[in-house]
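*Asks:* Read off the chains here:
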Amino acid sequence: MRHTLEDFVRALRASEVDVSPAEAIDAHRAAAQVGWSDRTLFKDSLAVTLAKTAEEVERFDACFDTFFARDEFVDATTPSRADSTPAAGEAGDLARMLLDEDSAGLAQAMEAAAAGAAVTGIQTGAQRSLLTRRLLDGMGLRELESLINRLRTSETGDDSLAAELAVRRTALFVEARAFVDRQAELYAAQTGRRLRERLLSRRKLTAVEPEDVRAMEALVRKMARRLAKRYARHRHRAKKGRLDVRRTLRRSLGYGGVPFEIAWKRRTLQKPRIAVLCDVSRSVAAAAQFLLLFLYSLNEVVDRLDAFAFSDRLVCVNDLLDDEKVDDAIELILARIGFRPTDYGRAFADFCASREWAVDRRTTVIILGDGRSNYANPRLDLMRCMEERSRAIIWLNPEPETYWGQGDSKMDAYRRFCHLAKTCNTLEQLERIIEDVLRAYSPA
Amino acid sequence: MSASLEAGSPLASVETIIEGLAGVGYIASRRIATAVYMSAHLKKPILVEGTAGVGKTELALSTAALLELPLIRLQCYEGLDESKALYEWKYGKQLLYTQILKDHMGASLAGAPDLETAMEQLRGAGDLFFSETFLETRPLLTALRQEGGAVLLIDEIDKSDEAFEAFLLETLSAYQVSIPEIGVIRAKIAPMVFLTSNNVRDLGDALKRRCLHLHIPLPDQRLEEQIVAARAPEVEEKLRRSLVAFVQAVRTLDLRKLPSISETVDWARALLLLNVESLDGELVRETLNVLLKFEQDIAAVEAKIPEFLARPAGA
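Sequence order for the protein chains is A and B. Per my numbering, the first sequence starts with residue -14, numbered consecutively. Per my numbering, the second sequence starts with residue 119, numbered consecutively.
Same shape as in the complex, but just chain B:
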């Protein structure tokens, strides 16, 4: 990775990261860019937290696009274990191999006068049974073995079990994995690792300690306008300002699920499809279901629509 950190690379400074990410359609705040920068330079994974739809996964995707590295994604869920995350043996092929071995064994050992010589010959033949030939690599191992480096995204780590979390520690701190039958496999080039979490459960301290931590909050008016501009460029500036202002106002309410960035962008696109030029109460009421996901929330916001629309944008 050190080669890619020299001047001129997208990771050379925080400013170049902000620019580069903007180039691939991700508007990053300074803190986000700093986290990416530190991660590249300290060679540590980033743990990204924040509510759903705030752009956690997107950050990893955009970074991969920026660095032009392959993105390897591991989606976590309850019950995920190392045979699905790291590696597995190709049982079927191993079985065939032993069958072939059995057939050849008789022929190749025929010349041996006694058992000891036969054993000696057998030892010399080498054991392929547990070798990389029969290794089925899963995302983690794949990421470590990428020749040119990779971006590894471990999505929704909080959905996995504690045991899996502990198992990740070796991979994350040393960029290596131990396979008992083969030995330690080290990454030639440490991948850039993003872990995302929705805070379904608290993560262990050991894991947190090995990661840099990045909490992505809901954006402010200016940043969100930039994001909408990047994601839905066809939206007129005036409409963009007023719709973002409306969303910002909605977020001040106490709702079950506050609209996050992805909902704002969806809403902007929906309004675009409807050929809207400016917001009015009727229209907002009809499209509110794009923004809010709960019946109670919609009811709560409906009552406030005139008030929110009356506010000057950017207030």
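Here chain A stands alone, though its shape is the one from the complex:
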């Protein structure tokens, strides 16, 4: 039984329930405590030891049901014929079990063969046929087939017995196939998805196929959550006070110079602010949706984020991100100012004048855009002003560096004022850069 539990833990890991060795040990202890007889009790005990968030509980339940769905072998056609048993006596175990409809025995044999064929090591769906074959071989299919042949050709043979065996063999095929399918669902389904996610995170934001949009969105959210988690950890550090000698002495005066009340220094935390300016104009339309989505997800988890969107004008989108649901928010933003020609100069002017928010030394400004300003005044003076007043300006440009400064791109002029100007065209790059930003510009 230990192996079964270990396999189950592996299946859980494959379906994105993080199980550490310590938790696996807990699960074994829990199983030993409650035993295997009561299915609900067993499931609940494993659930409390292994699944550690609400989402993990859901995935756990699904995985448990698939994993322990060892359905019974259904008997193929006719009821068992007692008279056939002696003839099968000379045959292998498999033939006998098939004829006796020994479903428990068959299930056991299949488990044993599965262990031999390493079916649970399945990586991709493509291995299914191969593994089914190996599984059947492990159960003794070859002997069964030669037996059927022998029965058909030999004169004393029993044709009807051969026919019956053949029918049951077909049923066995179906069972084996279903078994392997289940294993594939348990162990391989997630590998495929993970592979796709990795590819997607490296796909250019401007070249995402419509059918991948959903997956991409999920990925964006995951990244934002991961970032926020790490970022929150940074923010909570360095809080412990040190002895404040001056105030302790001052207070001690009341007690005749005895330091009766001790005062601690409280370092006030300088929470960093982040202002994100996101270009949603025509030239970056393809990427804008994901940038906004990223912004939205980040806004949900970082508490000091000010979000702006701009094309020819700039608007603060904090309220929209806070109040609306993600799809509505993005749609509203795009409807309000999206897909128009960009004017960076005007946008910066709006930004500097915006009453919601003034740049100060704690502020990191992140600009997401291509720097293509349609030959309008780039307002470098405002950019300089922002540089002087902010903590840092970071510019993430979806275009490769060789395009910067070509045509109507003012990127080469803008980049002089940026602490960091980088090409950012895939989610992976986006995550990495934002992570650097959060790490470098949050207080140590």
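Don't read these hints as lab results, they were simulated from the structure. Careful, some of the hints might be misleading.
What the hints assert, rightly or not - Just so you have them, the derived chain A footprint on chain B, three or more residues with Cβ under 8 angstroms:
(1) 183 to 193
(2) 349 to 363
To be verified - Sample of chain B residues with no beta-carbon within 10 angstroms of chain A, all distances over it, derived:
(3) Arg148
(4) Thr152
(5) Ala153
(6) His159
(7) Phe248
(8) Ile300
(9) Ile303
(10) Ser380
(11) Val383
(12) Glu395
The model shown is predicted, which means the values in this text are computed figures rather than measured ones. The beta carbon of each residue, even a glycine, is placed where N, CA and C say it ideally should be.
Starting from the known structure of chain A, arrange chain B on it as the hints suggest.
*Replies:* Below, chain B alone, put in the same frame as chain A:
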């Protein structure tokens, strides 16, 4: 704790836990009872998650009542540290002690011929300054030092800082605390520990790994009826069924804050005060503010009242 796990104790099996908790007014689902059972048998804390008002804190209170153990509660908040959670020195008394010591020192050391002998005598006198006499125990230490065991409730752990979370690890995994000046203090009887979290922030993996995890979802119609019956027994069965059905219907909407169990119970009690016998649209509209906490939510539900009331109960 092992003594209390024998047959006949409330913790002997999942069924006895369900029964026992029902006896003290807490209707537990099987999964909740299993979590309590596993916690008692594996001696691990339970991390209870779920939306506000779903009965997380209540579970700890009821378990304490069931086991007839003292409940020790530690409410977490930002800035909570070990001097408030674990122990502190009684600075004032320590100060007085040194004053007394100073006065007596002269007299007791008068007989010593030289400094070395004086030091020797001093060492023999024993140092009380950092001793349990001057230890002010806070909830965690109090729970560990309870003679007959205890139920420790660490409420809203997600509101505390990460540093505090890390500090809890020793207490939770080994049921002991290290006080540098005294040494390690171990629990004689491991307390039963409940941690609750509203998911304000994600908890660290290290903490989660040391705990059993229990997520309490919003209950289904049947369970919620049982809960209302236990909490507000005066409510007639017919009214109970229809009000729970209404709440269940409200939960299918997309609201800012879905009504949880505590709101259902409050509503049931409010209806009781109004001497209501059956729900009607006007009444629901007037008492909706008990159930929902946001203006927008109330507006959204108001539009749907006739439709929800028309549905057959239990559908």
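*Asks:* Evaluate each hint against the coordinates.
*Replies:* Comparing the hints with the structure gives:
no.: 1; hint: 183 to 193; verdict: violated (count 0)
no.: 2; hint: 349 to 363; verdict: violated (count 0)
no.: 3; hint: Arg148; verdict: violated, 6 angstroms
no.: 4; hint: Thr152; verdict: violated, 4 angstroms
no.: 5; hint: Ala153; verdict: violated, 4 angstroms
no.: 6; hint: His159; verdict: violated, 5 angstroms
no.: 7; hint: Phe248; verdict: holds, 16 angstroms
no.: 8; hint: Ile300; verdict: holds, 20 angstroms
no.: 9; hint: Ile303; verdict: holds, 23 angstroms
no.: 10; hint: Ser380; verdict: holds, 19 angstroms
no.: 11; hint: Val383; verdict: holds, 23 angstroms
no.: 12; hint: Glu395; verdict: holds, 38 angstroms
Violated hints, listed in ascending order, are 1, 2, 3, 4, 5 and 6; each of the other numbered hints is respected by the structure.
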